[in-house]
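Participant: Going down the list, the sequences are from chains A and B.
What the first sequence shows, in the UniProt record's numbering, is residues 1 to 78, in sequence order.
What the second sequence shows, in the UniProt record's numbering, is residues 1 to 78, in sequence order.
Calculated from the structure, these hints are not laboratory results.
For glycine and all other residues, C-beta sits at the position ideal for the given N, C-alpha and C.
One or more of the hints may lead you astray.
Stated by the list, open to error - Selected chain B positions facing chain A (Cβ under 10 Å, derived; list incomplete): (1) G6; (2) L12; (3) D30; (4) D33; (5) D52; (6) L54; (7) A56; (8) A58; (9) H59; (10) P64.
There are 2 protein chains.
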Amino acid sequence: MKHTAGIRAFGLHLRRLRQARKLTQYALADYADISRPTVQRIEKGETAASLDVLLALAHALDIPLRELVDAPGIDKLA
Amino acid sequence: MKHTAGIRAFGLHLRRLRQARKLTQYALADYADISRPTVQRIEKGETAASLDVLLALAHALDIPLRELVDAPGIDKLA
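Build out the structure end to end from the sequences listed, making use of the hints.
Facilitator: Here it is as structure tokens:
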């Protein structure tokens, strides 16, 4: 999997967004209609979420997609 | 596949970004190190690109990821 640095940066960003709203991984997974292990793997940077999952997460967090992916360092080449 | 409206909106946006830079699908695929059929399916809204592919496309177009996904209508629920 390429762009691992960007994917890890996104995972950290997602975790911060979730925790800022005092949501558990279960709650976020439930709102986004995805599995909790998927949320866990995305937050750990182990999985590159697909656009439909990114859209589901943005809707669950009630933020625009561009904000969801605006993670510090995500555009760094690696 | 859920969020099909958002995925289609992204495909159109990607096509506009590519054409604005006078790039063929082949050229964009080459720069992003992905296959041309993948670019084609993404532009047609048939495939939900994963985060690593989105990052590769953003780098190929030399724009931040948040700009790449800032497609009109992408956040509409459907």
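Participant: Give a verdict on every hint.
Facilitator: Checked hints:
The beta carbon of G6/B comes within 5 Å of a beta carbon in chain A, closer than 10 Å, and the hint placing it at the interface holds. The beta carbon of L12/B comes no nearer than 13 Å to any beta carbon in chain A, farther than 10 Å, and the hint placing it at the interface is violated. Evaluation of the D30/B hint against chain A yields a violated restraint, the C-beta minimum of about 15 Å exceeding 10 Å. At about 7 Å, the closest approach between the beta carbon of D33/B and any beta carbon in chain A falls short of 10 Å, and the interface hint on this residue holds.
Checking D52/B against chain A: minimum C-beta separation of about 4 Å stays under 10 Å; hint holds. Because the smallest distance between the Cβ of L54/B and any Cβ of chain A comes to about 7 Å, under 10 Å, the interface hint for this residue holds. With a least beta-carbon distance of about 6 Å to chain A, the hint placing A56/B at the interface is held under the 10 Å criterion. With a cut of 10 Å, the hint placing A58/B at the interface with chain A holds, because the nearest CB-to-CB distance is about 7 Å.
Taking 10 Å as the C-beta cut-off, the interface hint given for H59/B holds, the closest approach to chain A being about 6 Å. Because the beta carbon of P64/B sits about 5 Å from the nearest beta carbon in chain A, less than 10 Å, this interface hint is met.
Hint compliance for this structure: hints 2, 3 are broken, all remaining hints hold.
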